[in-house]
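Asker: Each chain, written out:
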Amino acid sequence: MADMREPIESGCPDPWQYMHPMMRKNFGQWKYHDHPRPGVLLHVAYSGDKIWTVKAGTQRILDVFTLRKLCDIGDEFAEGYVHFTLRSNIEYMVTDEAKVQPLIDALEGAGFIVGGTQNSVAMISHTQGWLHCDIPGTDASGVVKSMMDELIDEFRNANMPNRVHITTSCCQINCGGQGDIAINVQHTKPPKINHDLVANVCERPSVVARCPVAAIRPAMVNGKPSLEVDERKCICCGACYPPCPPMQINDAEHSKLAIWVGGNHSNARGKPTFQKLVAAGIPNNPPRWPEATAIVKRILKAYKEGARDWERVNEWIERIGWPRFFEEVELPFTKYHIDTWRGARASFNSSSYIRF
Amino acid sequence: MAIEKHSTPMLDQLETGPWPSFISGIKRLRDEHPEPRINEMTNDLLGQLEHSYETRKGYWKGGTVSVFGYGGGIIPRFSEVGKAFPKSKEFHTLRVQPPAGNHYSTDMLRQLADSWEKWGSGLVTFHGQTGNIMFIGTDTQNTQHFFDEINEYGWDLGGAGPCVRTAMSCVGAARCEMSCTNELKAHRALVNNFVDDVHRPALPYKFKFKVSGCANDCQNAIERSDFAVLGTWRDDMKVDQAEVKNYIADKGRQYYIDNVITRCPTQALSLTDDNTLVVNNRDCVRCMHCLNVMPKALHPGDDKGVTILIGGKRTLKIGDLMGTVVVPFKKLETEEDYESMVELAETIIDFWAENGLEHERCGEMIERIGLANFLDGIGIEPDPNMLSHPRQSSYVRLDGWDEAAEAWFERQAEAGK
Chain A
295 MADMREPIES GCPDPWQYMH PMMRKNFGQW KYHDHPRPGV LLHVAYSGDK
345 IWTVKAGTQR ILDVFTLRKL CDIGDEFAEG YVHFTLRSNI EYMVTDEAKV
395 QPLIDALEGA GFIVGGTQNS VAMISHTQGW LHCDIPGTDA SGVVKSMMDE
445 LIDEFRNANM PNRVHITTSC CQINCGGQGD IAINVQHTKP PKINHDLVAN
495 VCERPSVVAR CPVAAIRPAM VNGKPSLEVD ERKCICCGAC YPPCPPMQIN
545 DAEHSKLAIW VGGNHSNARG KPTFQKLVAA GIPNNPPRWP EATAIVKRIL
595 KAYKEGARDW ERVNEWIERI GWPRFFEEVE LPFTKYHIDT WRGARASFNS
645 SSYIRF
Chain B
1191 MAIEKHSTPM LDQLETGPWP SFISGIKRLR DEHPEPRINE MTNDLLGQLE
1241 HSYETRKGYW KGGTVSVFGY GGGIIPRFSE VGKAFPKSKE FHTLRVQPPA
1291 GNHYSTDMLR QLADSWEKWG SGLVTFHGQT GNIMFIGTDT QNTQHFFDEI
1341 NEYGWDLGGA GPCVRTAMSC VGAARCEMSC TNELKAHRAL VNNFVDDVHR
1391 PALPYKFKFK VSGCANDCQN AIERSDFAVL GTWRDDMKVD QAEVKNYIAD
1441 KGRQYYIDNV ITRCPTQALS LTDDNTLVVN NRDCVRCMHC LNVMPKALHP
1491 GDDKGVTILI GGKRTLKIGD LMGTVVVPFK KLETEEDYES MVELAETIID
1541 FWAENGLEHE RCGEMIERIG LANFLDGIGI EPDPNMLSHP RQSSYVRLDG
1591 WDEAAEAWFE RQAEAGK
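So the sequence lines, in the order shown, correspond to chains A and B. Basically the numbering used here = 1-based index in the first sequence + 294. Basically the numbering used here = 1-based index in the second sequence + 1190.
This is chain A alone, in the form it adopts within the complex (with noise of 0.2 Å):
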């Protein structure tokens, strides 16, 4: 290490010199905006200036090779210039509306899907998994390969009664964070623990310190210092892994895919929510997942049959109520659909709303 340079602590770089020209010219001047056809965007202007924005899914974990046919493609069609949604789609904006249907056309036949705007299922947001992920319990990126395989026309096409995001994470930490259903996974059995190992890799009290239920306590086993795990407390959710590995958590038996629903965190017609279990003990099955797969869709058909105009999931869920959902979707409601956490009495029902 002979030349060691002082880093420049430069922070987030100014975006002005990466925007479209169009969009530099008109910023904070856009009068409204028009959905021409899935996949299309077009911006019009105060001044009578336009953009077309054309989104395309694509694999997320990019390739070299896929990056350039990317910025390729933006040279040709989009004067160099992109833009990445929050969900890892590509936007390409032209001014021209010539060009709309030449750079689709270029997109698709470079493999790359024109969609996901207004009422589609959006692309998949996720987590790392096994590609690299320390406490993956499934590989994310398959899961969303292979469940966005069988979405295509959903994204393709947007009529949903509205746009529907998806989410997956690949531990109960939830990195994938709400959505309008959330594809997680669910340990179902407390860590093994390689007591030979806790007193070299483990910071102890750290470990402690990390579980949300107090289950985790410093003990002696076998004459050496290790941690033991209160087996009725524990809720298998992973933290101690991160900071402790010989708290083996991942099993490939048990730890399975849960299903989650109703996260919305827009506030129009309502404040944000968070979303609710729904189905549990999905096998962690690779390298397609098809009984998870087989639940989404099953959901989005009953929310595509049965929702109004404008209902994201939760609002559905919240009109036709509950037991009808379960009963729509075919999933069993069970005891530990109730909630045991801090303010679960909140989720509790004390009316006489019932619905039969």
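Bear in mind the hints are in silico, worked out from the structure with no lab data behind them. Backbone N, C-alpha and C define an ideal beta-carbon position, used for all residues, glycine too. One or more hints might be untrue.
[Stated by the list, open to error] Only pairs whose alpha carbons sit at most 20 Å apart, straight line, appear in this in silico EDC-like list of lysine to aspartate or glutamate: (1) K363/A <-> D1221/B; (2) K1279/B <-> D428/A; (3) K1273/B <-> D428/A; (4) K486/A <-> E1270/B.
[What the hints assert, rightly or not] Restraint-style ranges between C-beta atoms, simulated for each label pair: (5) I302/A <-> N1470/B: 49 to 55 Å; (6) E1222/B <-> I302/A: 33 to 39 Å; (7) V507/A <-> G1491/B: 44 to 50 Å; (8) P1224/B <-> P626/A: 50 to 56 Å; (9) P1455/B <-> R649/A: 19 to 25 Å; (10) V507/A <-> K1251/B: 22 to 28 Å; (11) S304/A <-> K1251/B: 29 to 35 Å; (12) K1251/B <-> G600/A: 44 to 50 Å.
Position chain B against the provided structure of chain A, taking the given hints into account.
Answerer: Just chain B, lined up with the frame of chain A:
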């Protein structure tokens, strides 16, 4: 020299179907890239991933890797099965801060791609869930080389560990008629004030900023950030009655009664017999629904600003928390406005750094100490907009009531109310 390719029968199945396959991309790096280092690294990556698919377990372990001068920003990954897959046994990710609003020129993307294939695996994600560009897969030595190279032409690491994290902002004023603030400026003002706290993790836990230009909250700021900035306005919504009539002519009166009038959460709308939309702006909570349905007819007012919510987060460790309104309305126009917002962020982070427990997010601290104590600690007076409703529990000492009531009336008088 030809490499011995790992057999990947399970991953191969992820190359079927119409959606683009990340496996095909990794295979292209293995099979077609001119650099043997990349061929070998991605081959072993595929080998380990197939092994995960077979055994349904992950095999990456964390560790400590950072670049000279920084303490964080790298996600270190060491393989537990490195003996079988030696070329990818170190496979670290660099978190790099994107430009605010995620705007890129293709020239810049190509420059980043060139650097990354020189020093890394050739795999990159735009963007991870915290908003970083994720340059996935390099060894410890090349981590430094790659950072040095991109740092020279304008890129900096994001946060990892207990620190201020990379921020996110929506496309906002660059292309959205609903934008109520300069999202890009707010984003950069906030996060760039804390570059030291981004690069040298020393806080109780992570702290995230997110900026959305309106209540649609496309960045998911309320649910996913400790400090959420949402654009809003406080004068009257703008209504173009001619455009309202055009919408009704298109889809009919019934549609707009069912989808706009009755969907208003505060019943602030009515449609007159001659198809004029009447808005009771005192009741409007700026939820954005009616503007979303009729973007040509309805627009935010002119007196724009932001609402700031503190304490949103994901599950660990007391369950998901929404942010709580701490500043109901703040103008963001002058440099002083931005400075005072940054000062508020400093005050909050300082207070949390002193009072938060290890591994405790700001929202969890607020839950533990109480919102009133938090407000007291950061010097903000209580406001009814901070709550859904006032207290329900009668178990409370009220002997400071008279003073608090007096203070309220004084503040109201100062505000000219």
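Asker: It remains to establish, for every hint, whether it holds in the given structure.
Answerer: The hints, checked one at a time:
1. K363/A <-> D1221/B: Holds: K363/A and D1221/B sit about 17 Å apart, inside 20 Å.
2. K1279/B <-> D428/A: Within the cut-off at roughly 13 Å; holds.
3. K1273/B <-> D428/A: 18 Å, holds
4. K486/A <-> E1270/B: Holds, at roughly 17 Å.
5. I302/A <-> N1470/B: 49 to 55 Å: Given range 49 to 55 Å: holds, Cβ gap about 53 Å.
6. E1222/B <-> I302/A: 33 to 39 Å: Taking Cβ atoms as reference, E1222/B and I302/A lie about 34 Å apart, which means the hint holds.
7. V507/A <-> G1491/B: 44 to 50 Å: Holds, at about 47 Å.
8. P1224/B <-> P626/A: 50 to 56 Å: 55 Å, holds
9. P1455/B <-> R649/A: 19 to 25 Å: 22 Å, holds
10. V507/A <-> K1251/B: 22 to 28 Å: Distance hint for V507/A, K1251/B holds at roughly 25 Å.
11. S304/A <-> K1251/B: 29 to 35 Å: Holds, at about 31 Å.
12. K1251/B <-> G600/A: 44 to 50 Å: 46 Å, holds
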